[in-house]
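Let chain E serve as the given structure and place chains V, C and Y on it in line with the hints.
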Amino acid sequence: MTRLLVDRLTVRLPRGADRSNAIENVSLSVASGEILCVVGESGSGKSVTASAVMGLLAPGLAIAGGGMALSGEDLCALSPEAWRGVRGRRIAMVFQEPMTALNPLMNVGAQIGEMWRVHLGLDAAESRSRALAALREVNLPDPEGALRAFPHELSGGQRQRVMIAMALALEPEVLICDEPTTALDVTTQAQVLALIKDLQKRHGTAVLFITHDFGVVAEIADRVAVMRLGHVVEEGTAREVLTNPQHDYTRALLAAVPGLRAPEPRELSPDTVLEVRGLTKTYASRGLFRRRKPVRALDGVSMTLQRGSTLAVVGESGSGKSTLARCVVGLLGTDGGQVVIGGAPLPTNRRDAAQLVQMVFQDPYASLNPRRRVGAQVAQGPIAIGVPAAAAMAEARRLFTMVGLDAEAVDRFPHEFSGGQRQRIGIARALAMKPEVLVADEPVSALDVSVQAQVLALLRDLQDRLGLSILFITHDLRVAAQLCDVVAVMRNGVVEEAGPIQSVFAAPRSDYTRSLIEAIPGRALFSA
Amino acid sequence: MRVLRLALWRLAASLPTLLLILAGMFLLLQLAPGDTVDALMAQMGGGDAALAEDLRRFYGLDVGIAAQLWNYLMRLATLDLGFSAIYGKPVATVILERLPPTILLMAASLSFAFFFGLVLGVIAARRVNKWPDTLISTLGLIFYATPSFWFGLMAIVLFSVYLQWLPAGGFGDITQSYTGIAAVLDIAQHLVLPTFTLGLIFLAIYLRIMRASMLEVLSLDFVRTARAKGLSETRVVTKHVLRNAMLPMVTLIGLQAGTMLGGSVVVESVFALPGLGRLAYESVVQRDLNTLLGIVFVSALLVITINFLVDILYARLDPRIVSGS
Amino acid sequence: MTGPNRREMLLLGAAAMIPTSLAAQETPRRGGVLTVHFSTEQRILNPSLQASTGVYIVGGKMQEALVDLDAQGNPVGVLAESWESAPDGLTHVFRLRRGVTWHDGKPFTSADVAFSAMEMWKKILNYGTTMQQFLTEVQTPDPHTAIFKYERPMPQGLLLRGLPDLGYVSPKHIFETGDIRQNPANNAPIGTGPFKFVQYERGQHIIAERNPNYWRENMPYLDRIIWRVVGDRAAAAAQMESGQLLFSPYSALSIADMQRLGRDPRFEATTRGNEGNVRTNTLEFNFRNPILADVRVRKAIAHSLNVPFFIENFLGPFAKPGTGPIPSVSTDYYPTSPMPQYGYDVAAANRLLDEAGHRRGAGGVRFNLRLNPAPWGEDIALWSTFIQQSLQQVGIRVEIVRLDAAGFLRTVYNDWNFDLATGWHQYRSDPAVSTTVWYRSGSPRGAPWTNQWGWTDPTIDTIIDNAATEVDPVKRKALYADFVQRAQTELPLWMPIEQIFVSVFNRRIRNAGNNPRWASSSWHDTWLAS
Amino acid sequence: MRVLKAYARSPAALIGSAILLALLVMGLGASWFYPNDPLGLAGRPLQWPGANPRFPLGTDPSGRDIAAQLFHGARISLLIGFVATSIAVVIGIAIGAVAGFYGGAIDTALMRLTEAFQTVPNFLLLLVLVAVFGSTLQTVTIAIGVVSWPPVARLTRAEFLSLRTREFVQACRIQGLGDVHLILREVLPNALPPVIVYASVVMAVAILLESALAFLQLSDPNVPSWGNLIGLGRSVLRTEWYVSAIPGFAILLTILGVSLVGQGLNDALNPRLAGGR
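Chains as they are written, first to last, in my numbering: chain E, 1 to 528; chain V, 1001 to 1325; chain C, 2001 to 2530; chain Y, 3001 to 3277.
If you're looking for bench data, these hints aren't it; they were derived computationally from the structure. All values reported here derive from a predicted model rather than from experimental measurement. Even for Gly, the Cβ is constructed at its ideal location relative to N, Cα and C. Please note: incorrect hints may appear among the correct ones.
What the hints assert, rightly or not - Using C-beta positions, here's what the derived DEER-type ranges look like:
(1) E/Ala-31 with V/Arg-1235: 27 to 37 Å
(2) Y/Thr-3165 with E/Phe-413: 21 to 31 Å
(3) V/Leu-1069 with C/Pro-2141: 46 to 56 Å
(4) V/Asp-1221 with E/Asp-248: 48 to 58 Å
(5) V/Val-1184 with C/Pro-2321: 53 to 63 Å
(6) V/Gly-1060 with C/Asn-2417: 25 to 35 Å
(7) Y/Arg-3112 with E/Phe-413: 36 to 46 Å
(8) E/Ala-394 with Y/Arg-3112: 30 to 40 Å
(9) Y/Thr-3165 with E/Ala-31: 42 to 52 Å
(10) V/Asp-1080 with C/Pro-2143: 52 to 62 Å
Looking at chain E on its own, in the form it has when it is part of the complex:
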């Protein structure tokens, strides 16, 4: 039977927003034991839909039309009180950010226990034991420990499990998952997805699953609804939508999803432009009250990058890949080993190093100074090494056109650009120094798939035109597969496996690599 019915729902945005309605005439329905995936890029209104259903619309947003029904009961008719009774008890929700979604000052047991205490009025002991059971069900290692633990003591995956345990505590009819795995590593993602699917099967819960990742969709969806700018543009069973999309937008999205087909092997130039020799880096971080044991971020890492080629360093969080990137560009000093560029060790002098290696950063918003014109930020490097200002600005304009921006945009401020455009500016800034090596640290992971594809295309194009040598840091094998020649898989500060991407994909030597590849969502579909 239909658990959740959203009928021609329209939510109005506050005046002054980019469009009048967050969502318009959105109609969805989820039956018990069914998973409906709502797919869309940022701004598609998928999250608004979710919070509307929870009755937790952000201040300023208001339901302008349509309705929602839970097992036939009209939600919009509910008083705030009544809705609170429904919330958590009959409709539960899992949020995207496991890091911030839990109260940092309250231990896990208490937070889960609250469900029973508040809704069923059980006493502390009883709700505690139930919480323990719940934690067992989401198979957390050491549930007793977890009960007493505080959120910051758990990993992202574990927190998400806690969230799920909490959400399912009272056997809700409907579970809403808002990008629950986006912030997780692939392997963890795979586990959490499996967990959700499994629980949902056992409890026959109706799940409204919100994601931007077709891979995830392919993994768990029974039915799919594609949203764009507040409208549902296409809906159907997972199979139909994924294999035979009707709407152009859906097609575009699917096309943008990076496949696992490794590119044809290229002839690599024999000369090594970058060589990393036995790099070692240890962080000795210290807490306010007691010293913590030092962390080995890099443990004798070695790799080489051939001129004009791309070396992808793939790893999950904590693998040390970002540390590596920062050591290579000289932002971090190393404890051992050395970085050799063009035959000579990386000069300590900032100015000299600048002309050898440049970097493109992950966060398009943090990587530009909000208070300065983008042109100036691109030109300042060359000016610093003595290029006359006028020439530097002219070069900046040229680069802007090269990275696909309007040359006149140099006079604008960062906030006037979209994320993708900023990433292009970042690339232009790096290229302005005409470096031997370009280090790209997760350059696309913060972007929507479509934009992602464009930026990757740009990089590939630039490499062809300028013969760039790129050290490409990423957590996403699929992205790596797009443009790299050689891949190095890192884990806990050591290189697990390295080699031509084709061979690594075809026959991974280390189990870890294999598990990484297997964890890729929608692999079955997209590697086909």
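Here is chains V, C and Y on its own, set in the frame of chain E:
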């Protein structure tokens, strides 16, 4: 045990600071016109040059500055604060006599400011931009803008002179020798006005901070989670928001310990309280180096202690601190 | 702040007659607590070591001197019953009172007198060191006889009038061991007086209680005396009104409050009982500043100050215009001949300044001066402001340099770093004591309240010296007339205002102010009407 | 521009600006409203407000026109507030920036110094400074500035600590730009807003400190400061309380104005701190 070790560690860590302060103060005061003997002469109403010589010898002012500083620090090493020129007894004793009123005053003002700051802040945040918020915020601004000594004077005029509800000053009525509960009440009565006077500005500050951090915490994800769990608004605030929102306030207490001690100088002189603040003022005027340095030393210790307690409190409130992440 | 009551000593009782108070007829009532305003805490309370009213007001109730002054201001025996002096003035014999015991029960003997005289008055006590400079020894043939031996003649009159203030006796058995200055008894006096020390809470109060074994029969009347430390004038006034304080000595209240309370039937604000404590406000010139070295400028400055106006509007009934270094109350030495005066006359002032060659410059300003006011006494602050205001009218811009006590003394009397200074001159009944030093040249640098003006005048020096050694009262008076004449003509400093300290009593206090140094005296006969 | 709009939108800012403007007019126009020296003898002392039409606000214990002192006092208070604040902010930013940007030993040393200054009760330090260097307008102002910088330094340091690791700063490092450029062009502009907002607090405190000093008779007696007036009024508090009340109220208004402007700036510059509005 661990706390004690921490305390010692903290003290050791702040030794350089202490040394810096004392030496700095000492040298600074050497530049002051006139010494304690001049002050004493003024008090005695004269005496001949020979007497002055004699007194300078008595107060150990006849040796060079470097020597004096050295002597002082050496004595300090043995925790001897020296001999007070004004009071003719060991500085330690003098300060101990004067410490209680100040500590009492600070404690009272702090609790007053903290409690009401908290409550008002929460109310304002819950009714943000509605009339209670506007009222409270305005009051806060006015409290903040009121010069404490002026408020004190006006309070005296109103409550002591016209209404005759509260004593105009002093730390207790000694014409009656109260004992037990009566004495406590007596002192309490004498501390009412000073507490308000000193606490007012801090109340205003805490209120502002609390309001802001409440609003900030209310906008965080885990609050949304709590709501999604179907918790009542009250429970969301009391169980989830409050504790998080208190953290900035707690930090502030530590940062402002020094300021508060400074404020008590003025308040004590307005209400004729026999506290550390007034002692400090007197010893500056009387050029009583030992006493002044002693006070600086003690108040520094006080500030350090308060900060230490605040850290402990903070750690208790926020599990993340202890594990140092 | 150092209040008014710092610096007055009474070496000779003022002969001013005391109106015998009607209270005398009433029968004294026993009991009661007298609460006294204690405006500035003292470093010590022992009057044998520090001579200042701040000490007497407390210590004077617990310790006693050999002699005190009676209502008429004549010496009367206290610990000494009688005395005789050798004609040569080198030997003075004191017969001590018998059966007197210290508060700790030990008997009072001549040994105590000898010890106090030799170890305290002669060595430590300010002014004592000068007065007893030539005291060679104190012989104690028996426990009740003390014989003072001097190497130079000591006039009996001066000695007897000195001892009420400089003759307080401390117990030998307490002080003979250890450093006298650091002796705990200095802050917890042990004496023979009518009141026993009970407690001293720094910054709060001092408590003394009735001494049951006091040698005067059935005295004292009061059960307790409590001195409350109240630094703030306004607060003190409030406590007078609320009855928390019954007596505020030595002009410790604000002028406004003293006048207000004086009009209140519950209180009496009077100079009675302070006849000895006369002071004059000064205006001191620094001759190292060439401008001020010119007498015309000094006179011009004097002419431009409207003293009567100032007194009327700022000081009220407790002050009157001064005529010179010797105040009018000092009938023994007050000159009968007219003295040069400098009335309010702006025209004259301007003329003098023009003559002196100081024409008005930009903004009508002739020149700038710094004025250092002493930090004690509300009247000094008002006076300095008034000087600033008045001199502006004649084109002298005055900058007030505000310093605390230590800073003031050091800057003015040691560093000579001032143009004008203003404070108090204490007249101690004989010009030779603490008045002529303001004019006599050759005072060691750094000695406060002496001639540090960089002004030397042989004429006045000789007059001063002659007067000091002149034995014939008539001639002496004449010499001091010359002295005043000279002082007022040369005008090295100016003393335009005369003030007597004011006591504010609650009228419940009986026998209040019944001797010229009442506030400092032992209060054995003081009692409280219900 | 955006900032200006946001500023103009907050009512707090408008009221505050209005008050400060009024004070500014009072201060600057003082010599025009009251050409005579405000410290000059105007008439009988202690005339109640309104008692004498010549003195709408009465006269103080030295027979000076309170209204005149109020106007001229506005100048003094604003001057002291402004100059002292500038001093504090400059020192604070300099120390905070260097400490926060370089960290390590330099940071430790500078923070020790800051701690030292914060550990001594600031008013106590102020007393000593004034006792030592005298109480002229200049010394008092400088002294106030000297005791007020530590919070600014801490704030600046905190900002720098968080900003120096931002990707755009790292990008500039990689571009080979010098520290001076990084500090002045990249970090400082982004660190400034909260500091500017805090400056209003410093100014308020500075004015309060001066008045407290004057109240203890430790400020410059040659200038018509409000605090001096309050201090004078203290001795006649029980009868002529208006002498203290009037200038006290003026101070209250000033601080109110300053902190309102501060709040406005806060709302405009960093909305997050303004409390999620």
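Hint by hint, here is what the structure shows:
1. E/Ala-31 with V/Arg-1235: 27 to 37 Å: holds, 33 Å
2. Y/Thr-3165 with E/Phe-413: 21 to 31 Å: 22 Å Cβ-Cβ, so the 21 to 31 Å window holds.
3. V/Leu-1069 with C/Pro-2141: 46 to 56 Å: holds, 53 Å
4. V/Asp-1221 with E/Asp-248: 48 to 58 Å: violated, 35 Å
5. V/Val-1184 with C/Pro-2321: 53 to 63 Å: holds, 54 Å
6. V/Gly-1060 with C/Asn-2417: 25 to 35 Å: holds, 26 Å
7. Y/Arg-3112 with E/Phe-413: 36 to 46 Å: holds, 39 Å
8. E/Ala-394 with Y/Arg-3112: 30 to 40 Å: violated, 49 Å
9. Y/Thr-3165 with E/Ala-31: 42 to 52 Å: At roughly 49 Å between Cβ atoms, E/Ala-31 and Y/Thr-3165 fall inside 42 to 52 Å, so the hint holds.
10. V/Asp-1080 with C/Pro-2143: 52 to 62 Å: Between V/Asp-1080 and C/Pro-2143, where Cβ atoms are some 42 Å apart, the hint is violated.
Going through the hint list in order, the structure does not satisfy hints 4, 8, 10.
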